[in-house]
Amino acid sequence: MMMMAQLFDATRERARDELTVAGFSALFRYMDLRLRLDPSYRRLIHAPRARDADGDIGRHTVVDGGRPDDSWCSRMQLMTRDEKLALCLDIGGGRVRVRRGLVTDADATLVFSDLAHARAMLTESPERVLDMLLEGTLVSRGNLSDVSRLSFMLDALVRRTRLGGSDRPEAPARRAVSLPPPRAAAEPMRRCDAVRYLDDPALAAYSIDDFPRLGRFRHDYFATTPQVCVERPRLYTEAIRRVGFLGVPPIRRQAEAYYHLMTHREPLVRDGDLLAGTTTSKPIGVVVYPECGGVPIWPELQSVSRRRLNPYRIAPEDARVLNDEVFPYWMDRNVREVARARYDDPRWLQLDERWVLYFQWKTQAVSHTIADYPTVLSRGLRAIADDARARAAQRHDDGHDSAEGDDGHESAEGDEAREVYAAMARCIDGVLLYAAALSRHAAALAAAEPHAARRAELVEMSRICAKVPAEPAETLHEALQAMWIVWIACHMESTNAGLSIGRLDAWLQPYFEADMARIPAEDAAARARAIERAVELVGCFYLRCADHLPQVADLGNKLFGGSASGQVICLGGVDARGANAVADMTYICLKVTEMLGLKDPNVNARYHEGVNSPDYLRRLCEVNLLTGATPSIHNDQRVIDVLVDQNMTLEHARDWSATGCVEPTSCGRHYGHTNCMMFNLVAPLEMALRDGYHPLLGEHVGPRTGAAADLTRFEQLREAYFAQLRWQIETATHANNMLGLTHQLVRPTPLLSALIDGPMDAGVDLSAGGARYNSSGSGNVGLVDVVDSLVALETLVYDERRLDLATFVAALDADFVGHEALLARIQNRVSKLGSGDRRALAIAADVVRFCHETFRAQPHYRGGHYNSGFWSMSNHVAFGVLSGALPSGRRRGKAFTPGLTPAPLRGSGSLLQQIQDVASLDHHAMPNNIAFNVKVVPAPGDAPSRTVQTMQAYARTFVQSGGMQLQFNVVSSDTLRDARAHPERYPALMVRISGYNAYFNDLNDDMKLELIERTEHRIG
Amino acid sequence: MKAPLVADIKRNALDDGPGIRTTVFFKGCPLRCVWCHNPECTRAAAELAYRHERCLGESCRRCRARCPTGAICGDGPAQIARARCDLCGACAEQCPSAALEVIGRRYAVDELVETLLVDVPFFENSGGGVTLSGGEPALFAEYTGAVAAALRARGVHVMIETCGDFDADRFETHLLPHLDLIWCDIKLVDPVAHARYCGRDNTRILENIRRLSRAGTPPLLLRVPLVPNITATDENLRAIARFVADLGHDRIGVMPYNPLWHGKALGLGRAPAYTRATSMSAAERKRCRDALGELAIVGDL
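Just so you know, the protein sequences line up as chains S and E, in that order.
Going by the working numbering, the first residue of the first sequence is number 1, and it counts up by one from there.
Going by the working numbering, the first residue of the second sequence is number 1, and it counts up by one from there.
Don't read these hints as lab results, they were simulated from the structure.
Check before you lean on any hint, since a few could be wrong.
In the SDA-like style, the derived pairs of lysine to any residue whose C-alpha atoms are separated by at most 25 Å in a straight line are [claimed, not checked]:
id, chain 1, residue 1, chain 2, residue 2
1, E, 286, S, 941
2, E, 10, S, 467
3, S, 894, S, 904
4, S, 467, S, 579
5, E, 264, E, 120
6, E, 10, S, 536
7, E, 264, E, 79
8, E, 10, S, 1017
Covered, in the sense of this in silico footprint (three residues per stretch, anywhere, with C-beta under 8 Å from a C-beta of chain E), are these stretches of chain S [what the hints assert, rightly or not]:
id, region
9, 73 to 86
10, 356 to 369
11, 450 to 461
Nothing here was measured: the structure is a model prediction, and the numbers come from that model.
We put the CB at the ideal spot given by N, CA and C, even for glycine.
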């Protein structure tokens, strides 16, 4: 009987396997049929008519870096690892031919771990397919655009025919929200720091109710569903199609496309706004950069408005534009695919696409830098363009001189520089024409405006846009309008991912002072009105910055849930001479931050002990309490130290701002792609314990560093970890270098180059190393998990000899099931980072130093260096979910610890010890900064002033003890649990993830759980 | 001067006085209040504590195997034969989940002071300091006085939480001069009730309170533990309010009842004599507020 049953099972399994293979064949035959018979389906691939002939479809030829006429032609392979499934799709001529067998020349290959997972693709939700991609049960090799396009066509194929599948409803354009009242009122404070005009720097008399314009915009912001905007990709692609992709100097191609975009985009003014211009044509727009990370949204064009997390609306016509006109063009021309082709499907890119060792941000953006706004405001863009033109002319003359000699090399360089200058000037021309269009548009609106007060505002707006950013700004209003237009302009060129604003308060202070100086001192009412106006203008600026979101495909919801564009405003600190830079505008920005409670702009604050007042630090904590999550607080002196370490002058080091999340950049002169990668520190540990084998990747990825049984001394384990880590750092930085070189071909940034010190002198684009200072920076994820793991291994395996390493690894593979006493011992009896334990601190210092020295030792493509930092965005969740159990006692699939934050375990010490432990780590070895995430919960009965006092004491002690950066979440786990159960009650609940802020409702469930499970420090 | 046992040192304490503080809980108390929230601190001797919720249960039982006197038998540490236990700590040392722990550690004065000084920057930035608590720190006035003196010499703000039942002369000689603030309990005004619920009558406590009040320095805050049906009665609270006001105080501290102590008592092998298992309701709290009349209330009520 047993035999019979086994035979029956085996037969049934074989039958099911056959059915799966047949199912795939049938699916693609059906696709072929639909392509031939259904014009509306065929229309999606741009094929004029299906070809009737059954002959072979040849491989596509490459035309100007892409495929002819954008039609769908591709060869794809679907297979399982055991090759039980092996199908080849030949797509072209408006047909799909499916045949069994393996090919060697597929454009893209989808490899399922087994037939069960292949079946899942046919039967389960698209979301499950994404999980499979992350788990590695489905691996995509080759051109991701082909996979995206196939997914889109499959989605379109089944969309109307999915049996019993009731699609979720579309997200409404607007939803009703009722925003909660402020948590408490601010307390008045005395004049302090370099404040000249504010009698109460906290502006405690004001609330959002006093600024109805801001209240309305804020409400709209929370009520509006973001919408995909195709204006930029449409115009940009249209221009590049005309100019050509290959055969044109990249920088000229970029400049021409940029000029076309800026001169054809629609000038818009939000009803009632004080600042003209919008990032997109939508109220809240999702910006699409098809040349970088835009194409992965392709499969979702028809479903993105219905997805569960962070849905975007998309107009049918806009979806059509992307599918027909934009994405097909970029299939082979985006940064990722150009790199793949150029470097012959490199291993480092394949590893990037497994999501677990590192995430290379250059596939999406460089962006993480800060333009020289003081120069934009004081000289105006026209002067910068004139400068570029003059230099182009000069190079022209020089070129003639040297051409008469026999140094051809010089001449080629001169040609390149001329291209750079011409491109800079061309881009600025585009920006200025956009500003002029805004001015005309505002004038037209004014002419039609019935209300006199608004008409006056529009007339003023028109005047200002006619003046700035072309000419120098003279008032606060002009300065903000100039910055806003330039900010839009930068985002039309560079991805909205970490491009940062910088020292808004310091740069606006002179214009505020100029405004105030024009008002007689005795006219107190007029001065009060001017201060209110300044608050309102800055508020409008913040809310304008919130008018766009980065495009995140559903896979990204799992990796970077709820993240915004990462537009850092960095307040306070010292000026270039070291004097107190906390002034009126600092406090005005803080008031706006307090009242609006926005996740983006991402407000950071510099606190310089001994120069900035303790009252200012107290105010930072108060705003943090009132908003729940912002601003984050930096130790100004420590950050200046690490910039000086990088051979910056002291003046330049003092002129820094956080970028993206927390990373330091010297403003306007430093191209420091500060988040070039999110780097998993835990993966090398998993590999060190298994001789280079990575459990999730299912293969020996890292170097052979010895089996667990052979690592008989802790020193050997440490060496094995460092060998794996070194390999991963070398691979990841090499990837960044190759992607950086690819950016030079695909995506130079002539506008940004005109706005940062260096390229103008050198005649070299930023992407090629033109900036005065060059670097790249990593966010290393999971330091605490690694340290706690190494401490546990050293203690239990090598010191106490309770078990051997191989047994320990077996326990990890079993996720501690059957090893409960071991797990309990680790969690309760082994020291953790944060407890003051010397061994933990020594290991932490060792790993930090190794990371720093190894990253620093890597070659850098722009002639810079690598900075290593310890913050995690949301990747501590994404990487953690993909990782097995750790010796630290962290179970399989749980999040890692955020940033550089002690684990939520009993042994991790009191908050005071944690503060001291984190502060004791050597900041010189963490030049890309850290994020120490502290979740504090005030007692229900405590006065806010008491809570603020306690927070201030934590922050000040952290800074005095040498800590670099900390960020408070002021929220209880109970509140977060309630918000998880009843999202509708918390439309604006803001939380700090690690480095950036998000609204709790936008997070995926793993991230919500991680925030709930973070250690909660009760204060009071 | 023999050092007393310390049950716990709690850093980042925010309910034991102004600012961020470190609270030292000494073992040993002259009173035996039936609701005592720190039962691990009443006895002056070391004790073996068991935390049921951490225990891995029957799959582990390393404690039973390790116990040299056979004090842990049968169902494991839930039933410790305390008469047989000689507090050797072998069980606790082997317990993987730290469910077993010997409570009570002795520190030399210098050692304790050094331990406490670690958090001085937090004290300075928050206006905090060290709180001596327990148990009854005044029971060891020579020792605690020496600790307080050493801390103050380093600029640390030092205060005491006391039940008031101490030898006034010893207190004034050794401890009082080194204190910045005193928080003293006043539980029951009626001496008979006090003897019944706290194990001793309150004559000495009330006399000590009067002396401290008269002296005026250091500042004194009187505090009532609000225990339903015992201290939190209208009659007792009115009497306390009168007593406190007569001494010239215009405020009073309150500590509303919290049943979390039950678990601690059970883990020490003691059955709670007072069994209320819930916190105070809003109505009960309001009644307390009303009974305390005009006095300003310090604490969350």
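Evaluated hints:
{"no.": "1", "hint": "E:286 to S:941", "result": "holds (14 Å)"}
{"no.": "2", "hint": "E:10 to S:467", "result": "violated (63 Å)"}
{"no.": "3", "hint": "S:894 to S:904", "result": "holds (12 Å)"}
{"no.": "4", "hint": "S:467 to S:579", "result": "violated (32 Å)"}
{"no.": "5", "hint": "E:264 to E:120", "result": "violated (30 Å)"}
{"no.": "6", "hint": "E:10 to S:536", "result": "violated (47 Å)"}
{"no.": "7", "hint": "E:264 to E:79", "result": "holds (15 Å)"}
{"no.": "8", "hint": "E:10 to S:1017", "result": "holds (13 Å)"}
{"no.": "9", "hint": "73 to 86", "result": "violated (count 0)"}
{"no.": "10", "hint": "356 to 369", "result": "violated (count 0)"}
{"no.": "11", "hint": "450 to 461", "result": "violated (count 0)"}
The structure is inconsistent with the numbered hints 2, 4, 5, 6, 9, 10 and 11, although it conforms to all the rest.
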